[in-house]
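*Asks:* Be aware that the sequence shown starts at 1, since it is given in our numbering, and climbs by one per residue.
Since the hints were made in silico from the structure, they are not lab data.
Glycine residues also receive a C-beta, built at the ideal position from the N, C-alpha and C atoms.
Just to be clear, a hint being listed does not mean it is correct.
Simulated DEER-style distance windows between Cβ atoms [claimed, not checked]:
{"id": "1", "residue 1": "Q293", "residue 2": "S399", "range": "48 to 58 Å"}
{"id": "2", "residue 1": "T197", "residue 2": "E68", "range": "34 to 44 Å"}
{"id": "3", "residue 1": "L467", "residue 2": "L43", "range": "46 to 56 Å"}
{"id": "4", "residue 1": "L499", "residue 2": "T236", "range": "35 to 45 Å"}
Subject to a maximum C-alpha distance of 25 Å in a straight line, what follows is the list of computed PhoX-like cross-link-like pairs (lysine-lysine) [to be verified]:
{"id": "5", "residue 1": "K343", "residue 2": "K388"}
{"id": "6", "residue 1": "K185", "residue 2": "K133"}
{"id": "7", "residue 1": "K176", "residue 2": "K288"}
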Amino acid sequence: MLPKRQLIIAGAAIGGLFVLYAGSSYWAGVKAEDTLQEQYRMLAGVPLFKVKSHSYERGWFSSSETTELVFNRHLSGPYENMLPDNMKPLLNATIKFTNHIQHGPLPGLGSFDFRPGRALVRTEFAMSDATRKTLKTFFGDKEPITIVNRIGFGGGGLLDVSVPAFDYEEALSGVKMKWKGFDLKVDYSHNYQDYKTEALSPGFLLEASSKGGVSFDGVHYASDMRLGGTGVKLGTSELTIGNVQLTSHESVPYSIKLNELIYLMTRVRVGEFVNPSGEFKPSSVVLKNFSYQIVTSEQDDFVNTRGKVNFAELNISDHRYGPLRLDVSANHLHGPTLVKLDKAISAIPFEGVDPAVLRKQYVDTIKKNAVPLLENNPKLLINEFYLKMPNGEAKLQGSLGINGLTPADLNDITLLAKRIEAEAKLSLPRQTLEDLVLTQARNLFTVDQTAEEQPNMKEVEDLAKSLLDSQLSQWKNDGFIVEENGQISTDLNYNAQGLTIQQKKVPLPWQEDADTAADASAPRAEKAVSKP
Numbered sequence: 001m002l003p004k005r006q007l008i009i010a011g012a013a014i015g016g017l018f019v020l021y022a023g024s025s026y027w028a029g030v031k032a033e034d035t036l037q038e039q040y041r042m043l044a045g046v047p048l049f050k051v052k053s054h055s056y057e058r059g060w061f062s063s064s065e066t067t068e069l070v071f072n073r074h075l076s077g078p079y080e081n082m083l084p085d086n087m088k089p090l091l092n093a094t095i096k097f098t099n100h101i102q103h104g105p106l107p108g109l110g111s112f113d114f115r116p117g118r119a120l121v122r123t124e125f126a127m128s129d130a131t132r133k134t135l136k137t138f139f140g141d142k143e144p145i146t147i148v149n150r151i152g153f154g155g156g157g158l159l160d161v162s163v164p165a166f167d168y169e170e171a172l173s174g175v176k177m178k179w180k181g182f183d184l185k186v187d188y189s190h191n192y193q194d195y196k197t198e199a200l201s202p203g204f205l206l207e208a209s210s211k212g213g214v215s216f217d218g219v220h221y222a223s224d225m226r227l228g229g230t231g232v233k234l235g236t237s238e239l240t241i242g243n244v245q246l247t248s249h250e251s252v253p254y255s256i257k258l259n260e261l262i263y264l265m266t267r268v269r270v271g272e273f274v275n276p277s278g279e280f281k282p283s284s285v286v287l288k289n290f291s292y293q294i295v296t297s298e299q300d301d302f303v304n305t306r307g308k309v310n311f312a313e314l315n316i317s318d319h320r321y322g323p324l325r326l327d328v329s330a331n332h333l334h335g336p337t338l339v340k341l342d343k344a345i346s347a348i349p350f351e352g353v354d355p356a357v358l359r360k361q362y363v364d365t366i367k368k369n370a371v372p373l374l375e376n377n378p379k380l381l382i383n384e385f386y387l388k389m390p391n392g393e394a395k396l397q398g399s400l401g402i403n404g405l406t407p408a409d410l411n412d413i414t415l416l417a418k419r420i421e422a423e424a425k426l427s428l429p430r431q432t433l434e435d436l437v438l439t440q441a442r443n444l445f446t447v448d449q450t451a452e453e454q455p456n457m458k459e460v461e462d463l464a465k466s467l468l469d470s471q472l473s474q475w476k477n478d479g480f481i482v483e484e485n486g487q488i489s490t491d492l493n494y495n496a497q498g499l500t501i502q503q504k505k506v507p508l509p510w511q512e513d514a515d516t517a518a519d520a521s522a523p524r525a526e527k528a529v530s531k532p
C-alpha cells in the first residue's frame, strides 16, 4: 500500500513539475518574443538591407522566427566592380534565416546545457544550392556564419556572431582573397537600455592583379553605451585599425554614398548632396594606426560629446601626411531636442528622392525642430587639430558658440550675428594654400574633353598664383596674417562687438552701413543745433 501511495505522490510531483515547467516555458516564450521583436526592429532599420518578409511562430517549448533580407544595391553598387565574378551573384540573393528558439527556464536542456534563461536562440541560414556552392568555394565545409543569442530572465542577453577565416585564390584571373575571420559579442540589457559591444576582424586582403587591391588588419571596435535620461545614447565607443592599404592600377570611377556611411555611424541623415563622385587615378594609399574615440555624457537636460581621431601616417602616391590629431567637442546640447530632431530626420524618405528636394526637406526639418538647440547656448570646440604635411604643419584651435539667442533673432540676420561668438588660431603651409587655390582654379576652368578649344591650364595656374600672391601680400601689409618659414598664421575673434583679426578690428557689412548712416546724418544734426 505504501509503495503505491509513494508512486502516486511521486507521479503527482512529477506532473506538477512538468506543468510548472511547461507554464514557465510558455511565459519565457512570450517574453523572448518581445526581445526578439525589438532586435528585428533594429535590423529592419539598417540601411544595408531591405526586409523582404518576416514571420514569428510561437509554441509551448520552442518557437521559430523567419526573416528574408535583400541587399540594398544603392549602397553596394559603387564597389561591386572589385569583387570576384563568382561572388557578385551573392548581392542579388535573398538572405533567408530562421531563428530556432528554445524557451526557458532551462532553454539548453536538450543539449545538456543547464544554464537558466528565457531562451537560447540559434540562427540557421537557408541558402540556394548556387549560393551554398559559391560560399563553399570560400569557406569549405565550415558554416559561413554562426549566430547564438542567449536571452536571460531579465530580457537582456548575450549575442555572439562569428564568421570563419578563409583563403581563396583564382589562378587564371589572378584574384586573391584572404579573410582572417570576424567575431562580434553584444552584451545587452532589457530593451537595449544599455549594451556593450566588442568586434574584432584580424584582417582582410583582396588582390586583383590587373586592377589593384585593398587590405586592412587589426580592426577592433568596442563600445559601452546606455540610454540617458533625455533619450540620448551615452557612453564610449572606440575603433582602432592597424593598417589600411589601397592600390589602383587603373583609373576607377567612384560615387561614394557618404550620406549612408554617416547614417550608419551616427544615425543622422545628411542627404545625397554630400556624396563625392569622380575618378581615382592609378595610385597607392597607405593608412597606419588609425583610431577614433567618442565619449558622450549628460548633465540634467544637456548633452556633452567629445570625439578624437588620430592616425600615425597616411601615404598617398608618395606624399606623406601625419601624424594627425583631431580633438573636437560639442557641449551644452539640449538632449530632448536632439532626440526629437533625430526622429524627424530619420522619418524623411530619402531613397529615389531628387537631391534638391531632399536638401529642402532636411533644411525645413532642421528649421522646425532645431531651434531649442540654438536657444540653449551650444558650443563647438576644436581642442586640437594638428596634421604634419609634406611641406609644413596645419594647426587649428578654436570655438564657435551661440549665446542668448531668442526665436525673434532668427528673423533678423544682424541680431543673429550678434549672438554668435567665435575665436580661432590657425597656421598652415603657404604651399598647401596655393595647392588648394590651384585645384579650385583647374576645376573652375575645366571643360568637356571633347570640346575643340581647351583652356591653357598653365595660364590658368599662373593667373591663380598671381592673384593669391597679391592677396597674401595685401593681408601681410595690413597686419592680418604673419608668414614665417613658409607658414602662414593668424588668429581671429568675433563677438557682439565685432570682428578682430590679429587684434585689428575688421568692419563688418552691417557696421559699415551703420557708420555710413551716422556720417550722413552728422551735418544735418550740426545745422539743427546752430539754428537760433
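*Asks:* Quick check on a hinted range of 35 to 45 Å for L499 and T236, using CB atoms only.
*Replies:* Check passed, 38 Å falls within 35 to 45 Å.
*Asks:* When you take the CB atoms of Q293 and S399, is the distance between them in 48 to 58 Å?
*Replies:* Violated: the Cβ-Cβ distance is about 20 Å, outside 48 to 58 Å.
*Asks:* Next pair to validate is K176 with K288; report whether the Cα-Cα distance is within 25 Å.
*Replies:* holds (22 Å)
*Asks:* Taking the CB of L467 and the CB of L43, does the distance hold inside 46 to 56 Å?
*Replies:* holds (54 Å)
*Asks:* Given the range 34 to 44 Å, decide if the beta-carbon distance of T197 to E68 lies inside it.
*Replies:* violated (26 Å)
*Asks:* With the threshold set at 25 Å, check whether the alpha-carbon distance from K343 to K388 stays at or below it.
*Replies:* violated (40 Å)
*Asks:* Can you confirm whether the C-alpha distance between K185 and K133 stays at or below 25 Å?
*Replies:* violated (28 Å)
This entry does not satisfy hints 1, 2, 5 and 6, going by the numbered hints stated previously.
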